[in-house]
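S.K.: Go by the hints and put chain W onto chain H.
Line by line, the protein sequences are chains H and W. Numbering-wise (our numbering), the first sequence opens with residue 41 and increments by one. Numbering-wise (our numbering), the second sequence opens with residue 41 and increments by one.
Hint data in this document are derived by calculation from the structure and do not stem from the laboratory. Since this is a predicted model, take the numbers as computed values, not measurements. Be careful, since some hints might not be right.
Just so you know, same-sequence chains aren't split out, so a pair can sit in one copy or run between any two.
Listed next, the in silico SDA-like pairs over lysine to any residue satisfying Cα-Cα at most 20 angstroms (straight line) [as the list claims (entries may be wrong)]:
| hint | residue 1 | residue 2 |
| --- | --- | --- |
| 1 | K169 | I100 |
| 2 | K169 | S98 |
| 3 | K150 | S92 |
| 4 | K434 | Q310 |
| 5 | K354 | N74 |
| 6 | K64 | M93 |
Number of protein chains: 2
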Amino acid sequence: MALIVQKYGGSSVGDVERIRNVAKRVARWFHEGNQVVVVVSAMRGVTDSLLSMAKQISDIPDEREMDMLLATGEQTTIALTAMALHSMNIPAISMTGAQAGIITDEVHTKAKIQNITPQLIHQRLGEGKVVIVAGFQGQTLHGQLTTLGRGGSDLTAIALASALRADICQIYTDVDGVYTTDPRICPAAAKLQEISYDEMLELASSGAKVMQSRSVEFAKKFGVLFEVRSSLNDNPGTIVKEETQSMEDVVIRGVSLDKNQAKVTLVGVQDKPGYAARAFRALSDGNINVDMIVQNVSHGSNPPTTDISFTVDKPDIPKALKLLQTIREALGVREILSDEGIGKISIVGVGMKSHSGVASSLFETLATENINIQMISTSEIRISVVVDQKDAEKGVRAIHKVFLE
Amino acid sequence: MALIVQKYGGSSVGDVERIRNVAKRVARWFHEGNQVVVVVSAMRGVTDSLLSMAKQISDIPDEREMDMLLATGEQTTIALTAMALHSMNIPAISMTGAQAGIITDEVHTKAKIQNITPQLIHQRLGEGKVVIVAGFQGQTLHGQLTTLGRGGSDLTAIALASALRADICQIYTDVDGVYTTDPRICPAAAKLQEISYDEMLELASSGAKVMQSRSVEFAKKFGVLFEVRSSLNDNPGTIVKEETQSMEDVVIRGVSLDKNQAKVTLVGVQDKPGYAARAFRALSDGNINVDMIVQNVSHGSNPPTTDISFTVDKPDIPKALKLLQTIREALGVREILSDEGIGKISIVGVGMKSHSGVASSLFETLATENINIQMISTSEIRISVVVDQKDAEKGVRAIHKVFLE
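In isolation and in its complexed conformation, chain H is listed as follows (with noise of 0.2 angstroms):
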């Protein structure tokens, strides 16, 4: 007997036959003598209309209130599961994100979990109950409702799973589990056993979305194994764990593609210390999201100025560019240019910290295919670079072949 912490996401239960899918594949784990804790999200459209209401009524809806708003979402899932489950003559018990003791952080529309009293949940398993937990809510210690912002589902889930000190956490999603790269791009990509927090955080943060980073980092700091898996067949997922040592042996764990980019570059930036900060801080202020930086070296001119170059989000731009313009002529920048058509491919795997040449066999890869590096950037277990939009699935393949097939 085990006990898992199961999490479905809107898509999942997004109507009331797939609740019956979903009350179907509980009740199957169910029999077989666990004990099952269930986290749904809101159905699907759910959420986007309740905001669609709020959006009419306010342009800035209150945050305090848009949780009191959005957290009947979930609520209407947990009721309508657990109606389900009793259908199939399951005994089952639905609860809030309050009343399976969440307690959360003050933060309005993306609280943080501080705490999870699981006494009442640990009572409901014993009594034989099925357990369905509300996700993406909590309250605080005052007795607010708070919800846990994008990916707050698995969030919960990996939380709970966590408290209850739960054999395994299973997020059940619309993919079979990580793959080595996107199926669509490559059709030799290949489902992964299994993978470390850390290759999931890099292949998350490079554009491979399956879980958002922060459910993947609270695993990883509390140690909770969980296993990406579909929600549409019963084949095992990819187990996402702590790192071992055979996990070493495989250079690469997957190639991601992120197209959600852009490059800009400030031409001609003066070449003395906080000149560059001021640019960044400009950027930060505006809650835009920085990702590769790259400086050069210092042309010879005088006074030596530099170029810079760094990613942010393609949305992002226009405001991006806005702020800049703002201090350019304090900066001394001679030009702002920006370039919308790059894709950014990122090789992924621990193994890199004990393989050598790595990063030149990947420039080879693409040199071979002709394909021209604009930036690069690398962490222990990482290696990304920028290349033309129009190169990058062809790189992505070819990276495949090489590495990973």
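M.R.: Showing chain W alone in chain H's frame:
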């Protein structure tokens, strides 16, 4: 400055535009310097759509889960109403029933309010905020969500008015107030300025469905003065309050017509102790409410028999007849007759207590119109007669003319 509790029903908050209108109305009372607590129902249609999803999943949905599901309806409305007030720059905060301190018993889907701890509402009012409370819901001492059943939002408003010692409780509806009779039947019907709790209760139980009786009973028990008024205009409504001396000057407050009852007659019941009781026990065990009961004097037959007539809600007729058939022989009943073509006319007024001759005036009025009376029943402040349904509206108009014009 007064403390006002206002209640808006499902049609008053039926869509975003109507919620905005409610907010405008609340804003006016707030700007006049009043402290305002607003109780809202689920948006019209929302509860039905939740019920329909539940029915698709389960024929007999679990009542605890039903409460979990239905409670989302009001929670949605409070958040949107608070946002609408914010967009008018009025400080406002929403509270679920649980947050508002409404404690109920454990009877899911028709819970009774046991206690209200209004400290938090007072605190928010003291901060200058409008407080928006979800009607129809509360929580048990063990933190389970409950709903109060039909008319629950009225009950929330009146119970809050009592707990908060509010100066007045305003129940906003789609009618202007309580009328001397249904204006659709009798164009001469006039809006009442005031009415006593008992008169309101008798009218409600006689078919005038402005409010559920339990809310009026609660108001009577705790002496909560309330006003029934329209959410579509600014006309003063009808004040419902303790009976005063001056109220007795008016003999008849109103006339109501209930066309939703049917008559059953048991012909030839043996006139022995306990025989009639068995018939009504069978009906009450089947959850069928019996309203009027008339038993004629015994026939001189041997053994002596009598005829018993009573009325039940029309939709209960098939079930009632089935139940009565099962005990027919045991009671020696010769025949069971039913008639769905009846109307029950009631005249109500505390003045009846001190005025004689009301009944005879009523009977004479109907006789003048050539309307035959099938059954009669009376309380201290009400006289009801059952007549043929085709005569009923004509009877109401004649009675209104004699007693109220």
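S.K.: It remains to establish, for every hint, whether it holds in the given structure.
M.R.: Results for each hint:
For the homomeric pair K169 and I100, the shortest alpha-carbon distance between copies (19 angstroms) is at most 20 angstroms, but the shortest distance inside one copy (41 angstroms) is not. In this assembly of identical chains, the alpha carbons of K169 and S98 lie at most 20 angstroms apart only when taken from different copies (18 angstroms versus 42 angstroms within one copy). Taking CA atoms no more than 20 angstroms apart as the test, K150 paired with S92 passes inside one copy only; the shortest distance there is 19 angstroms, against 32 angstroms between copies. When the C-alpha separation of K434 and Q310 is checked against a cutoff of 20 angstroms, the pair qualifies neither within a copy, at 37 angstroms, nor between copies, at 96 angstroms.
Taking CA atoms no more than 20 angstroms apart as the test, K354 paired with N74 passes in neither setting, with 46 angstroms inside one copy and 50 angstroms between copies. With identical chains, the CA atoms of K64 and M93 are at most 20 angstroms apart between copies only, with a shortest distance of 18 angstroms across copies and 33 angstroms within one.
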